[in-house]
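Residue numbers (the working numbering), protein chains in the order written: chain A, 1 to 204; chain B, 1 to 195.
By construction, these hints were calculated from the structure, which means they are not laboratory data.
We put the beta carbon where it would ideally sit given N, CA and C, even for glycine.
Hints are supplied without guarantee of correctness; some may be wrong.
To be verified - Here are the simulated BS3-like cross-link-like pairs (lysine-lysine), alpha carbons at most 30 Å apart as the crow flies:
#1 K91/B / K58/A
#2 K91/B / K55/B
#3 K202/A / K47/A
#4 K37/A / K55/B
#5 K79/A / K42/B
#6 K55/B / K141/B
#7 K84/B / K202/A
#8 K79/A / K91/B
#9 K42/B / K37/A
#10 K42/B / K58/A
#11 K38/B / K79/A
Said to hold, decoys possible - Ranges between beta-carbon positions, derived for each pair:
#12 A184/A / T136/B: 18 to 26 Å
#13 F164/B / S143/A: 41 to 49 Å
#14 G35/B / Y91/A: 36 to 44 Å
Claimed, not checked - Just a few of them, taken from the derived set where beta-carbon distance is under 8 Å, the chain A residues facing chain B:
#15 P22
#16 G24
#17 G48
#18 T179
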Amino acid sequence: MKKRISIIVFIISAFLLPGCYPGGPDYIEEMDVVLTKHNDTYDFVSKGTYAMPAKIVKITGNAVEGDEPVFVPDITGQKILARIDENMRMYGWTKVDVSANPDLLLAPASWETTTVFYYYDYWYWWYGGYYPYWGYYPPVNYSSYTTGTLLMTLIDPDILESNGNPVRQWTGAINGILTGSYNASRVNAAIDKAFIISPYLKTN
Amino acid sequence: MKKILIICIISVLSVSAFSQSTLFSFQYSMGFGAGNMKDYIKPASFRGFTIDYRKLVTENIGLGFDMGWNTFYDEMPDATYDYKNITYAGKQWRYSNEFPILGAIDYYMTSMGDIFPYAGLGIGTMYSLQNTDMGTYTFEKDAWHFALRPEIGIIMDMGGGSGFNLCTKYYHGFAAGDLPAQGYFTINVGFVFVN
């Protein structure tokens, strides 16, 4: 009897405890992540000017095979560029034309990634054999989510790798799950955060 | 260190083979982080359990093992995670799961009516798994710690070979793997079944 009670206690607890396992995000904004990476030997403080293109390129297609570049529509792209410039100015940087020999070049880009995941209907494994008229294979369902990334890269045009490519001195990446519409406060907050966690970019 | 651990556990289990009475205890466990663990996750954990097994080798000494699980959880609305010269910023969901597996020795004092106070020591290993979730990413660290666990508690005899168990334990896992030393207190309540 005692043994039976202890087994029952154990089984009940085994079912209850995982049910108490803490959860994760409730809102899509909570999934936004900002990542920065910098070259800690590079002297940002002694620099002061930068150039930035007037459009944000979308990383898509195959440039090597001659696909034309695609850009983020101006209606959102210009707002993003303005916010980046605002943060750079607050840190003491002056935007100049690329022909004015800037200290650094800021290259903005964006891309989207869709993750698709498949899963089987688990009940098939228990009951499939009893009902031969169900299909031979278990039904497969799928779901997906799309994340968008905005990339900001600072490069020094005078410092090149051995293969001739410029070296990234600072990278700021903003990653989040995409929704159907542009959310300015969400994007602005993420851009601001990238600069807040990069105080070494400050020149003033 | 691993050899010593294995020898200790085997010794405890082999000696217990000569015993007479056995105690099996299943406890609900509440955890309170200390030191590095508290720095990582401040809130107490109310998700956990412990299974204890002892054989009495004398009237007052019980040898056996205990194992359990405590999961700690915290949300940081705006936090950063640094790795070398990379910084990740955003909302963090922090999880720390602790799985102690210990050989144990308890000393049962003379009963005070229906209450049996006892004190014990455990030695063994503790597996720690820490996850810091941000966005669609998770940063995972784990370690098999060499662990010590002092314990004090009481068993209240309820008659019929069963009892109520209340105890407090402190688990200390020494630095290992990806993690520094990890420690936490638990308050456990449960039932004991005596054969």
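Here is what the structure says about each hint:
1. Restraint check for K91/B and K58/A: satisfied, since their Cα atoms lie roughly 27 Å apart, inside the 30 Å limit.
2. Distance check on the hinted pair: K91/B and K55/B sit about 48 Å apart at the alpha-carbon level, beyond 30 Å; violated.
3. Restraint check for K202/A and K47/A: satisfied, since their Cα atoms lie roughly 10 Å apart, inside the 30 Å limit.
4. Pair hint K37/A plus K55/B does not hold up; C-alpha atoms about 57 Å apart against a cutoff of 30 Å.
5. Distance check on the hinted pair: K79/A and K42/B sit about 40 Å apart at the alpha-carbon level, beyond 30 Å; violated.
6. Only pairs whose Cα atoms come within 30 Å are accepted, and K55/B paired with K141/B is rejected, the gap being roughly 36 Å.
7. For the given pair, K84/B sits about 20 Å from K202/A by alpha-carbon distance, which is consistent with the 30 Å threshold.
8. Using a Cα cut-off of 30 Å, the hinted pair K79/A and K91/B holds, with the two alpha carbons roughly 24 Å apart.
9. For the proposed pair K42/B and K37/A, the alpha carbon gap of about 29 Å is at most 30 Å, so the pair holds.
10. Only pairs whose Cα atoms come within 30 Å are accepted, and K42/B paired with K58/A is rejected, the gap being roughly 42 Å.
11. With a C-alpha separation of about 42 Å, the suggested pairing of K38/B with K79/A is violated against the 30 Å cut-off.
12. Range check, A184/A to T136/B: about 23 Å between beta-carbon atoms, so the 18 to 26 Å window is met.
13. Between F164/B and S143/A, the C-beta spacing of about 47 Å keeps the proposed range 41 to 49 Å intact.
14. One distance hint, 36 to 44 Å for the beta-carbon pair G35/B and Y91/A, holds here, with the actual separation near 38 Å.
15. Residue-level restraint check for P22/A holds (minimum Cβ-Cβ distance to chain B is 4 Å; threshold 8 Å).
16. Below 8 Å, beta-carbon pairs count as interface contacts, and G24/A has one with chain B at about 5 Å; its hint therefore holds.
17. Taking 8 Å as the C-beta cut-off, the interface hint given for G48/A is violated, the closest approach to chain B being about 23 Å.
18. Given the 8 Å rule on beta carbons, the hint for T179/A is violated: about 14 Å separates it from the nearest Cβ of chain B.
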